Amino acid sequence: MNLALNQGGRETGVSKWFLRVPALLYVTLMILVPLIVIVEDGFREGLSGLVHQISVPIAQHAILLTLWTAALMTLINAIMGLATAYVLVRYEFPGKRLLNAIVDLPLAIPTLVTGVMLVMLYGPQSALGGFLSQKIELDIIFAPPGIVVALLFISFPFVVRSIQPVLMNLDLSQEDAAATLGAKPWYTFRTVVLPTLLPPLISGSLLSFSRAVGEFGAVVIVAGNIPLKTQTAAVYVLGAVESENRLGASAVSLLLLAIAIIILMVANKIQKSWGARHEN
Amino acid sequence: MKINFKTLLIIAILAVSLGACSSVAEEPTGDQINLILAAYTTPREAYGEIIPLFQAYWFEETGQQVIFEESYLGSGAQSRAVVEGFEADVIALSLEADVNRIQNAGLITHDWKTAKNNGIVTTSVVSLAVRESNPKGVSNWADLTQPGLEVLTPNPNTSGGAMWNVLAVYGAALRGQVDGVPGDDPDAAYDFLVQVLQNVSVMDKAARDSILNFEMGIGDLAITYENEILVGRQSGQTYERVIPSSTILIQNPVAVVDASVDEHGTREVAEAFVNFLFTPEAQAIFAKFGLRVVNEDVAAENEAEYPPVEDIFTVDYFGGWDAIMTDIFGEDGIYNQAIASAQGDAQ
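Protein sequences, first through last, are from chains A and B.
Numbering-wise (this note's numbering), the first sequence opens with residue 1 and increments by one.
Numbering-wise (this note's numbering), the second sequence opens with residue 1001 and increments by one.
Incorrect hints may have been included.
Residues of chain B placed beyond 10 Å of chain A at every Cβ, according to the derived structure [to be verified]: (1) Tyr1072; (2) His1110; (3) Ser1201; (4) Asp1204; (5) Arg1267.
Cβ pair distances, simulated, as ranges [to be verified]: (6) Val27/A x Ser1071/B: 25 to 35 Å; (7) Ala101/A x Gln1146/B: 34 to 44 Å; (8) Leu172/A x Ser1071/B: 58 to 68 Å; (9) Glu1331/B x Phe43/A: 18 to 28 Å; (10) Ala23/A x Asn1117/B: 54 to 64 Å; (11) Leu121/A x Ser1071/B: 31 to 41 Å; (12) Val113/A x Phe1068/B: 28 to 38 Å; (13) Leu47/A x Pro1052/B: 53 to 63 Å; (14) Glu1263/B x Val27/A: 31 to 41 Å; (15) Glu1049/B x Gly95/A: 50 to 60 Å; (16) Trp186/A x Thr1238/B: 51 to 61 Å; (17) Ile109/A x Phe1068/B: 25 to 35 Å.
To give an idea of the interface, some chain B residues facing chain A are shown, with a C-beta separation under 7 Å as derived from the structure [unchecked claim]: (18) Gly1076; (19) Asn1157; (20) Thr1158; (21) Gln1343.
To be clear, the hints were calculated from the coordinates, so they are not data collected in a lab.
Remember, it's a predicted structure, so these values are computed and weren't measured experimentally.
Glycine included, C-beta positions come from ideal geometry on N, C-alpha and C.
Whenever a hint applies, use it, and build me the whole structure from the sequences.
Next comes the structure, spelled out in structure tokens:
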């Protein structure tokens, strides 16, 4: 990604200043300053104050619930997103364009509405939700599975849309060569296609994880929000803000922020080292 | 042909709505004044009927047109918005603690409790919404602990209504009004609160969300404002109201925000509006929308709808809101301990 940007930027003296300064200023004002404010607020009572706020049992539980549901969602999303992208790029079938359009839909729907839809579909009063709850004792809505389902819905496009362009640009001749040499389709996929797709798959997955960790709108509807049971970090932050516990809100937000930043850095690193290895 | 008709229809709608807009914009001639009302969400419909009456009254008195800007949010959120700079002239909130926050920020400088009826404009009682014909046989607080009962109540961290609910449960137990719980025994009352919280299956972020979930068929019972139940029934819902024999009187304050009215030059009209809310006309409208009213005559007229409660108590029973915010809803308060132990036992 960095490579592409550098190639595009031919620097003349004018564009250097007239574009760079406003762009940097804009990013600073719009993104960096708000982040600094929350970091400052979180550290108001020093590191120990921050650690104390995060280790309150209710906060701790909310953070752990958020992380494991997001991780489970990411795993499912990685597999199903890869499959969807592969199908969309490599096969022709009726309704393909419709499917392609549907992939982006979750990003267009307000996540609150997503939550309401899921309650209608899987809620204890719906036919499906009632069946699952009574026959296999699987409660979806107002329980952790509901959180995973909601997160899957809202972050589905990330993996698909990360892989799709790479897969489209992938040279088919390598696969053909493998096939000519007698490789089975699965072997070809594993040794030829997958290594190229791994960087976008990982970055797409991590992107969807970061997105899920901060999700509020859909989760507040489907989770049940009971402290120590079904309350996620984002909902905890709202409660902390609303009950004047600003430090608690900032501390938990900061932790989520730190996790997201580390994940993005790891994704970047993986992508770079992977890319370098495969170019040689 | 079809398209033409559609196009015509759209043009017609646009024309009508533009016409409507321009007529609204043209109407106020001469003297007009803006008034910003920041309220909690429950009385929204009531204000929808009261405001036109006040506008007519004020126009007759002064020849001045009052243009209202109305904002409806959860009581706590509304109160914080005002503290953080939302310049409301009049606030109508769900509980006194939210007015105190604004007062503590220095934005209300007069003693708002010396106003009419101590600044309390409407009341309600914490009640129970149960399914049609009450299949679980819930008639009082003690029934809330029956095993397997699914109870809805919002989260006190985000909802003023939820605080009233916790106070009602805990207070009734403390007063010895719950079967099987000895009175004046804080430990026993605490245990009872834990048992009720163990049956809570969903904690929505606000009272309205909670009753909407109940309407979708979730849960066996919702602890909520009486007015939410009455308004729901008016709009065709079939759930029923159960008033526990002992419950808390919810008191909803109104106040003029001094900092705002002084800046906007709206003190006179703002105070008149607050006073107007206590007139029989306005009180009758509140009563129509499910609230218990403070005007005795209007209350007497509506007595059939609002039966008296056997043992009713107010926040004074707990020593007022300041004490409640530390002892019950503070970081190490009774509520936080109870929810932790309720969920700890459930796991």
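Now for the hints, and whether the structure bears them out:
{"no.": "1", "hint": "Tyr1072", "result": "holds (16 Å)"}
{"no.": "2", "hint": "His1110", "result": "holds (24 Å)"}
{"no.": "3", "hint": "Ser1201", "result": "violated (6 Å)"}
{"no.": "4", "hint": "Asp1204", "result": "violated (7 Å)"}
{"no.": "5", "hint": "Arg1267", "result": "holds (29 Å)"}
{"no.": "6", "hint": "Val27/A x Ser1071/B: 25 to 35 Å", "result": "holds (33 Å)"}
{"no.": "7", "hint": "Ala101/A x Gln1146/B: 34 to 44 Å", "result": "violated (50 Å)"}
{"no.": "8", "hint": "Leu172/A x Ser1071/B: 58 to 68 Å", "result": "holds (59 Å)"}
{"no.": "9", "hint": "Glu1331/B x Phe43/A: 18 to 28 Å", "result": "holds (19 Å)"}
{"no.": "10", "hint": "Ala23/A x Asn1117/B: 54 to 64 Å", "result": "holds (59 Å)"}
{"no.": "11", "hint": "Leu121/A x Ser1071/B: 31 to 41 Å", "result": "holds (34 Å)"}
{"no.": "12", "hint": "Val113/A x Phe1068/B: 28 to 38 Å", "result": "holds (30 Å)"}
{"no.": "13", "hint": "Leu47/A x Pro1052/B: 53 to 63 Å", "result": "holds (57 Å)"}
{"no.": "14", "hint": "Glu1263/B x Val27/A: 31 to 41 Å", "result": "holds (36 Å)"}
{"no.": "15", "hint": "Glu1049/B x Gly95/A: 50 to 60 Å", "result": "holds (52 Å)"}
{"no.": "16", "hint": "Trp186/A x Thr1238/B: 51 to 61 Å", "result": "holds (58 Å)"}
{"no.": "17", "hint": "Ile109/A x Phe1068/B: 25 to 35 Å", "result": "holds (33 Å)"}
{"no.": "18", "hint": "Gly1076", "result": "holds (5 Å)"}
{"no.": "19", "hint": "Asn1157", "result": "holds (3 Å)"}
{"no.": "20", "hint": "Thr1158", "result": "holds (4 Å)"}
{"no.": "21", "hint": "Gln1343", "result": "holds (4 Å)"}
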